Amino acid sequence: MGLVKRRFDALIIGAGGAGLNAALQMARTDARVAVVSKVFPTRSHTVAAQGGVNAALGNVMPDNWHWHMFDTVKGSDYLGDQDAIEYMCREAIPTVYELEHNGVPFSRLDNGKIYQRAFGGQSQNFGGAQAARTCAAADRTGHAILHTLYQQNLHARTHFFDEYFAIDLIRDDEGAILGALVLEIETGEPLLIEAKATVLATGGFGQVFRTTSNAHINTGDGMAMALRAGVPVMDMEFFQFHPTGIAGRGMLITEGVRGEGGYLINKDGERFMERYAPNAKDLASRDVVSRAIVTEVKEGRGCGPNADHVLLKLDHLGEEIISKRLPGIRETGKIFAGVDAAREPLPVFPTAHYAMGGIPTDRFGRVISPAGTGEEVVPGLYAAGECACVSVHGANRLGGNSLLDILVFGRAAGLDMQEQLREHHRPMNEAGVEQAMARLERWDQKGEGVGVRELRDEFRKAMEDHAGVFRTEEIMTEGLQILRKLRDKLSEVRLQDHSKVFNTARIEALELENLIDCGMAIAVSALARQESRGAHSRPDYPKRDDINWMKHTLYYRDGDRLDYKPVKTRPLTVEPFPPKERVY
Amino acid sequence: MQFLVSRFNPERDDKPRQQSFEVETWRGMMLRDALLEIKRQDESFTFRHSCGEGVCGSDGVNVNGTNRLACITPVSELNAPVEVRPFPGRPIIRDLVVDMSQFYNQYRAVEPWLVRKDPMPEQEILQSPEEREKLDGLYECIMCGCCSTACPSFWWNPEKFHGPQALLTAWRFLADSRDQAEEERLDALEGPYKLFRCHTIMNCVEVCPKGLNPTKAIGHIKQLMLKNAI
Ligand SMILES: Cc1cc2nc3c(=O)[nH]c(=O)nc-3n(C[C@H](O)[C@H](O)[C@H](O)COP(=O)(O)OP(=O)(O)OC[C@H]3O[C@@H](n4cnc5c(N)ncnc54)[C@H](O)[C@@H]3O)c2cc1C
Ligand code: SF4
Numbered sequence: 001m002g003l004v005k006r007r008f009d010a011l012i013i014g015a016g017g018a019g020l021n022a023a024l025q026m027a028r029t030d031a032r033v034a035v036v037s038k039v040f041p042t043r044s045h046t047v048a049a050q051g052g053v054n055a056a057l058g059n060v061m062p063d064n065w066h067w068h069m070f071d072t073v074k075g076s077d078y079l080g081d082q083d084a085i086e087y088m089c090r091e092a093i094p095t096v097y098e099l100e101h102n103g104v105p106f107s108r109l110d111n112g113k114i115y116q117r118a119f120g121g122q123s124q125n126f127g128g129a130q131a132a133r134t135c136a137a138a139d140r141t142g143h144a145i146l147h148t149l150y151q152q153n154l155h156a157r158t159h160f161f162d163e164y165f166a167i168d169l170i171r172d173d174e175g176a177i178l179g180a181l182v183l184e185i186e187t188g189e190p191l192l193i194e195a196k197a198t199v200l201a202t203g204g205f206g207q208v209f210r211t212t213s214n215a216h217i218n219t220g221d222g223m224a225m226a227l228r229a230g231v232p233v234m235d236m237e238f239f240q241f242h243p244t245g246i247a248g249r250g251m252l253i254t255e256g257v258r259g260e261g262g263y264l265i266n267k268d269g270e271r272f273m274e275r276y277a278p279n280a281k282d283l284a285s286r287d288v289v290s291r292a293i294v295t296e297v298k299e300g301r302g303c304g305p306n307a308d309h310v311l312l313k314l315d316h317l318g319e320e321i322i323s324k325r326l327p328g329i330r331e332t333g334k335i336f337a338g339v340d341a342a343r344e345p346l347p348v349f350p351t352a353h354y355a356m357g358g359i360p361t362d363r364f365g366r367v368i369s370p371a372g373t374g375e376e377v378v379p380g381l382y383a384a385g386e387c388a389c390v391s392v393h394g395a396n397r398l399g400g401n402s403l404l405d406i407l408v409f410g411r412a413a414g415l416d417m418q419e420q421l422r423e424h425h426r427p428m429n430e431a432g433v434e435q436a437m438a439r440l441e442r443w444d445q446k447g448e449g450v451g452v453r454e455l456r457d458e459f460r461k462a463m464e465d466h467a468g469v470f471r472t473e474e475i476m477t478e479g480l481q482i483l484r485k486l487r488d489k490l491s492e493v494r495l496q497d498h499s500k501v502f503n504t505a506r507i508e509a510l511e512l513e514n515l516i517d518c519g520m521a522i523a524v525s526a527l528a529r530q531e532s533r534g535a536h537s538r539p540d541y542p543k544r545d546d547i548n549w550m551k552h553t554l555y556y557r558d559g560d561r562l563d564y565k566p567v568k569t570r571p572l573t574v575e576p577f578p579p580k581e582r583v584y
Numbered sequence: 001m002q003f004l005v006s007r008f009n010p011e012r013d014d015k016p017r018q019q020s021f022e023v024e025t026w027r028g029m030m031l032r033d034a035l036l037e038i039k040r041q042d043e044s045f046t047f048r049h050s051c052g053e054g055v056c057g058s059d060g061v062n063v064n065g066t067n068r069l070a071c072i073t074p075v076s077e078l079n080a081p082v083e084v085r086p087f088p089g090r091p092i093i094r095d096l097v098v099d100m101s102q103f104y105n106q107y108r109a110v111e112p113w114l115v116r117k118d119p120m121p122e123q124e125i126l127q128s129p130e131e132r133e134k135l136d137g138l139y140e141c142i143m144c145g146c147c148s149t150a151c152p153s154f155w156w157n158p159e160k161f162h163g164p165q166a167l168l169t170a171w172r173f174l175a176d177s178r179d180q181a182e183e184e185r186l187d188a189l190e191g192p193y194k195l196f197r198c199h200t201i202m203n204c205v206e207v208c209p210k211g212l213n214p215t216k217a218i219g220h221i222k223q224l225m226l227k228n229a230i
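Top to bottom, those sequences are chains A and B.
Here this note's numbering is used: position 104 in the first sequence is 104, and no number is missing along the way.
Here this note's numbering is used: position 131 in the second sequence is 131, and no number is missing along the way.
Source of the hints: derived by calculation from the structure; they are not laboratory data.
None of the values given here were measured: they were computed from a predicted structure.
Some hints here could point you the wrong way.
[What the hints assert, rightly or not] List time: in silico DSSO-like cross-link candidates among lysine-lysine, alpha-carbon distance up to 30 Å:
1) Lys-489/A with Lys-267/A
2) Lys-39/B with Lys-113/A
3) Lys-461/A with Lys-39/B
4) Lys-313/A with Lys-216/B
5) Lys-39/B with Lys-324/A
6) Lys-489/A with Lys-210/B
7) Lys-222/B with Lys-324/A
8) Lys-113/A with Lys-216/B
9) Lys-15/B with Lys-446/A
10) Lys-298/A with Lys-281/A
[Said to hold, decoys possible] Facing chain B, a subset of chain A residues (Cβ under 10 Å, in silico):
11) Pro-62
12) Asn-64
13) His-66
14) Phe-70
15) Glu-91
16) Asn-111
17) Lys-113
18) His-155
19) Asn-214
20) Phe-336
21) Ser-499
22) Glu-508
23) Leu-512
24) Ile-547
25) Met-550
26) Lys-551
All residues carry an ideal CB built from backbone N, CA and C; glycine is no exception.
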């Protein structure tokens, strides 16, 4: 039976905030656009974002994009590219207004303007007093944004392929991307989608760690697809552990809780952040707070019978503020911790949360890859959202900057792509299609073998034990050996279920391959980086080393090879922010 | 704890059957954890799920006769044997996975997007906290489908009756001070079916995992129609 083919001008893989905002730009042209998502669009993990999206609207107190830019550069521990950061912080303002015009039900101030709350790492006047820059729809901002973008895409008649799983990109001999092989989950049939431009907007990969705020579907498929197409991934060692996940479970409790006035205490009831960050205290940057919590627990000041977590106190905010501003986390606390946050503190511990690294792009969303002494655009390929690395977050992302990133660069990709669409479709590369089909057919192998879940559990545990909040040479070297063994074991994995219709076991097998590719990229990149910067914390190299390490890591799947490239320290119009010691 | 789960694989079965699984429970275990445990025992067992915290709306199932979200349903609240079936009234694709297209069609049919006719201001469209408060209890819908697939009027007329979810959404836009399509929205709801098939049976209110009240929203729409008619 011949493979079914469909042709579109543009293919967008992923229907989270990044994919949907890219699609929305295209919908205003007469281009034919396909959006593929492995789940129904409103089930994408953008729906889970709670606290809000940053923009220097200045609705609550004075603010401007330049201060936002300073905070983001500092937050990134000087690994972010300053041209992209300037672009994002400027664009933040029209982006949020556009969201509002599209219908996002933001919370409001008495004067009718959008409500903004304080988040970690935000300051006025280049490091001065706390700013309030995070635009919020209660604590359901991601839900409000995702649903609105989906609704506007319905209005624009975007063509959706819901519950289709992208297997691999198709590349020709010149390295141009021609589209992707996808699988219709319901029927189990493959489909080839040809496109002049393809956007990867597949989100993050928190599932590589055992305890995570990320959904079951966050398996890094886009990064792994890029890797298999020969594109490197950048800065993968920088993975954010959010300080406040529900202890033992991982569900997120937004930083907005601390923004509204909540704070952390240890078993002695001490407000310990005062010791680690005398000025910003509980609103220090996430990497700082996560390390503080782990240190408290390690040094025996943890709470609970096993002394394995700390407490997040917010009952003093009062019933009214909590039910108005933080209704979602109250619900989550009740369900998963059995605690009513309006009465008792919540048990929390860091949870694997966000990938700073990803597929390298420029600020137009175009994927770039090293070539000769410089770099060049991968023809026909874009990436946006958490799977991309522009890089605006560098070594540590500030809360509220990811929703911003996905929207700003999703749109930038959508706009830039329109140029590409004037060209003709390139001829299909049949060998490339066969390769992608082989990846699918590999799972038809029958017989006894290791189970998908078994290997996945082992891999996620190994990642958690060996690539977590604190990383030493010893722990990581041992970890890498274990991970390599687990990767080798992949060839012994067999499915027992070979049916076609809605075969989720097969999907999970394909996801496992992707997880392992992402996990290896983290482990290899992390072991090599001999310094502490942002989320990458090495007790054996406790200081940041700008002379040797102020550079981006590039990881290639082929032979686990590493390469490096310089940080872009020149903004577009303003003076650069030179590296300084980072204190909060 | 014993679980009786509904199984159906169209490549093999003519009709759904029940299969029993024994699952060891732990403190704080949710129904989704139990379903994952069953999938560990038999990887061919199939259900949708994703966020695991009640916000993505993927894992609605019928448990002991009631539609619920598996990931926020503690097993400690359930009586054994726990009977888990797909949502009633929808075509079954496999095991607990049903075809929700009709439900999504009804959502699309109410034109669920903000309509603004005035030119957009440079900044945000202003909205007072009181006006914004009218959207609370409406915008939080996660489209899980627990309500509409528990509604007898939707079972009998899924092509013609919008169902509680879509009507809640219609009211979400009618109630938004920024929306400027009230007349068109109300006109589109005229006729004996789309809106008026609601017989206030209130199953939707009982099952909504987000504590929303579609029946009340439907009442508001009817009131507004009445008001505009006089
Ligand atoms: C609990 C939580 C709270 C957060 N809160 C905030 C916050 O308050 N503020 C903030 O700025 N950031 C927050 N973040 C981060 C932010 O929400 C995410 O980084 C962002 O939403 C990612 O958006 P995305 O569009 O890149 O990806 P996603 O929304 O994850 O979407 C990915 C899409 O890709 C599709 N996909 C993936 N793989 C495939 C495949 N193989 N085939 C087909 N489709 C595929 C999926 O179906 C989905 O549609 C939070 C994150 C979490 C986990
Ligand atoms: S109204 Fe409630 S039950 Fe119905 S789809 Fe929305 S969240 Fe689910």
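Each hint, compared with the structure:
Note on Lys-489/A and Lys-267/A: the hinted pairing is violated, with a Cα-Cα distance of about 43 Å set against a maximum of 30 Å. Restraint check for Lys-39/B and Lys-113/A: not satisfied, since their Cα atoms lie roughly 48 Å apart, outside the 30 Å limit. A distance of roughly 20 Å separates the Cα atoms of Lys-461/A and Lys-39/B; the hinted pair therefore holds under the 30 Å criterion. The straight-line distance between the Cα atoms of Lys-313/A and Lys-216/B is roughly 36 Å, outside the 30 Å bound, and the hint therefore fails.
Distance restraint check for Lys-39/B and Lys-324/A: the Cα-Cα separation of roughly 39 Å exceeds the 30 Å cut-off, and the hinted pair is therefore not satisfied. Straight-line distance between C-alpha atoms of Lys-489/A and Lys-210/B comes to about 43 Å, which puts the hinted pair past the 30 Å bound. At most 30 Å may separate the alpha-carbon atoms for a hinted pair to count; Lys-222/B and Lys-324/A meet this at roughly 28 Å. Annotation: proposed proximity of Lys-113/A to Lys-216/B holds, straight-line Cα distance about 29 Å (limit 30 Å).
A C-alpha spacing of about 27 Å is found between Lys-15/B and Lys-446/A, which places the hinted pair at or below 30 Å, so the restraint holds. The suggested pairing of Lys-298/A with Lys-281/A holds, with an alpha-carbon distance near 20 Å, which does not exceed 30 Å. At its closest, the beta carbon of Pro-62/A sits 16 Å from a beta carbon of chain B; the interface hint therefore is violated under the 10 Å criterion. Taken as an interface hint, Asn-64/A does not check out: its beta carbon lies about 15 Å from the nearest beta carbon of chain B, beyond 10 Å.
Evaluation of the His-66/A hint against chain B yields a violated restraint, the C-beta minimum of about 19 Å exceeding 10 Å. With 10 Å as the threshold, the beta carbon of Phe-70/A stays out of range of chain B, its nearest partner Cβ sitting at about 23 Å, so the hint is violated. At a threshold of 10 Å, the smallest CB-CB gap from Glu-91/A to chain B is about 15 Å, leaving the interface hint violated. Look at Asn-111/A: its Cβ gets to within about 8 Å of chain B, closer than 10 Å, so that hint holds up.
Annotation: Lys-113/A was flagged as interfacial toward chain B, and the flag holds, the nearest CB pair being 6 Å apart, inside 10 Å. The beta carbon of His-155/A is positioned within 10 Å of a beta carbon in chain B (closest approach about 4 Å), and the interface hint is therefore held. Nearest Cβ of chain B to the Cβ of Asn-214/A: about 9 Å, under the 10 Å cut. The hint holds. Hint status for Phe-336/A: holds, given a least beta-carbon distance of 7 Å to chain B, under 10 Å.
The interface hint given for Ser-499/A is met, as the beta carbon of that residue sits about 5 Å from the closest beta carbon of chain B, less than 10 Å. Evaluation of the Glu-508/A hint against chain B yields a held restraint, the C-beta minimum of about 8 Å falling below 10 Å. At about 12 Å, the closest approach between the beta carbon of Leu-512/A and any beta carbon in chain B exceeds 10 Å, and the interface hint on this residue is violated. The restraint placing Ile-547/A at the interface with chain B is violated, with a minimum CB-CB distance near 43 Å, outside the 10 Å limit.
A cut of 10 Å between beta carbons decides the hint on Met-550/A: the least distance to chain B is about 37 Å, and the hint is violated. Checking Lys-551/A against chain B by beta carbon gives a least distance of about 36 Å; that is not within 10 Å, so the hint is violated.
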